[in-house]
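Trainee: Residues per chain are reported as follows:
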Amino acid sequence: MITTEVTFDELAALIKQAAGITVDPKELKQSADSPFDSFGLDSLGLLGIVGELENRYGRSLPPDSERCRTPQEFLNLVNSTLKAGA
Amino acid sequence: MSNRRTRRAAVTGIGVVAPNGLGTDAYGKSVGEGLGVLDLISREGCEHLPLRVAGEVRAFDPAALIEEKFLVQTDRFSHFAMAAAALALDDAGLGGDPAEPFSIGVVTAAGSGGGEFGQRELQKLWGQGSKFVGPYQSIAWFYAASTGQISIRGGFKGPCGVVASDEAGGLDSLAHAARAVRRGTDVMVVGAAEAPLAPYSMVCQLGYPELSTVDDPDRAYRPFTEKACGFVPAEGGALLVVEDETRARERGVPVRATVAGHAATFTGASRWAESREGLARAIRGALDEAGCAPEEIDVVFADALGVPEADRAEALAIADALGAHGTRVPVTAPKTGIGRAYCAAPVLDTVAAVLAMEQGRVPPTPNVFDICHDLDLVMSRARPTELRTALVLSRGLMGSNAALVVRRGDESAR
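The listed protein sequences derive, respectively, from chains C and B.
For the first sequence, position 11 (counting from the first letter as 1) is numbered 1071 according to this note's numbering, and the numbering increases by one without interruption.
For the second sequence, position 78 (counting from the first letter as 1) is numbered 943 according to this note's numbering, and the numbering increases by one without interruption.
Zero decoy hints are in this set.
From the structure, some residues in chain B lie toward chain C, with a derived Cβ separation under 10 Å:
id, residue
1, GLU932
2, GLU933
3, LYS934
4, PHE935
5, LEU936
6, VAL937
7, GLN993
8, LYS996
9, PRO1000
10, SER1003
11, ILE1004
No lab work stands behind these hints, which were simulated from the structure alone.
Glycine residues also receive a C-beta, built at the ideal position from the N, C-alpha and C atoms.
Given only the sequences and the hints, what does the whole structure look like? Please build it.
Mentor: So, in structure tokens, the structure goes:
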């Protein structure tokens, strides 16, 4: 069984698509514990990314997913959710 | 520190995004030449609608002017507003990060909000489901969106607001900004921009009996004539920087004009005969506040709705309020060349008034050649004359009336 996992590349692309902010995936990975707002992403932007991921993977993410503070925290939550449902 | 009671609101910056020009100079040149740019509507999804002619802002590339993070969360009306605000701030020498964020506020007027963005998200709602509606729908369509985005983009933390009081709200916003300055805020970014030329927004307008559905751009909007057949809508707008006059002089920036007086009244939706009394009262109120005699008004920028009953009411209101001077003072309506951009229409007229005073000429009223009212309407070409004080009039389809008196920059020092 293939386990889907959202990567920093995919997250960077989603940040661009949903919030119009260009982030280098490498930088996102290197600064994975920096708060989202240091990349210019606000909570509405992250909410849009949550919605897009839910639509893309056909699964609900936990309530308050958009309150994650950092890219690492967010990807951990998303990927553990996707893995649990695989 | 100037005394608050004597603080005067000076116009120190102007930014325009209009159908006849991107930038204040281009707009001023087109207005001065009486250029008419009304044309068949070309925006996608509008071709089949019975509203055919409008003033479209073409060659506007928001991506070249506004950061993508602001573009994705805003409607076209906010794109116009943000672009115009940036031009106005540059003109005032206030571009870049503000030194004192709490001393700069923003107020805009809005007539319909972000219809195009809203339509796109509502189509996702009914076409794909609620999970496909983006979170920025919560803010992009809203009347206050442009005020919020201008303040966020500029880093302004002074008093902010939005005036939702019909088309005349464009003038009310200028009065609101002038009051904020008199009460102690140093700088206000103020004005309006609208984007009513998208399918949903256009369908909303089709119910207005005042709307012109004539499909000949040269004949669709001819107020004050026997051929008057309603008004033509437009998109775009203008933002101004209004600040404490003393502060402006201390900064060493030119005072382009001062906001001298304003008043507003309400006489009911589409009750055009009644608008005579309402508009006359607004004019008297604005003159009172400005301490201005009727004879001091050197030019009137008319509302010029293009509906015979409304045109008659306006001509009579000018005579009621200005007396014999009302039939002698030059009157103009440059908006016949670009259409009525709802709340932004009287703001664009205010800009035209400031430019007219700076350049010493009354711009003409495009497409209007033969009027049937007792007004000295300036037609065909600009009329050179010294202008010190201008009166700008506006009425809304929902019944608001407003008048604004602006004075030439160097007049206010008297």
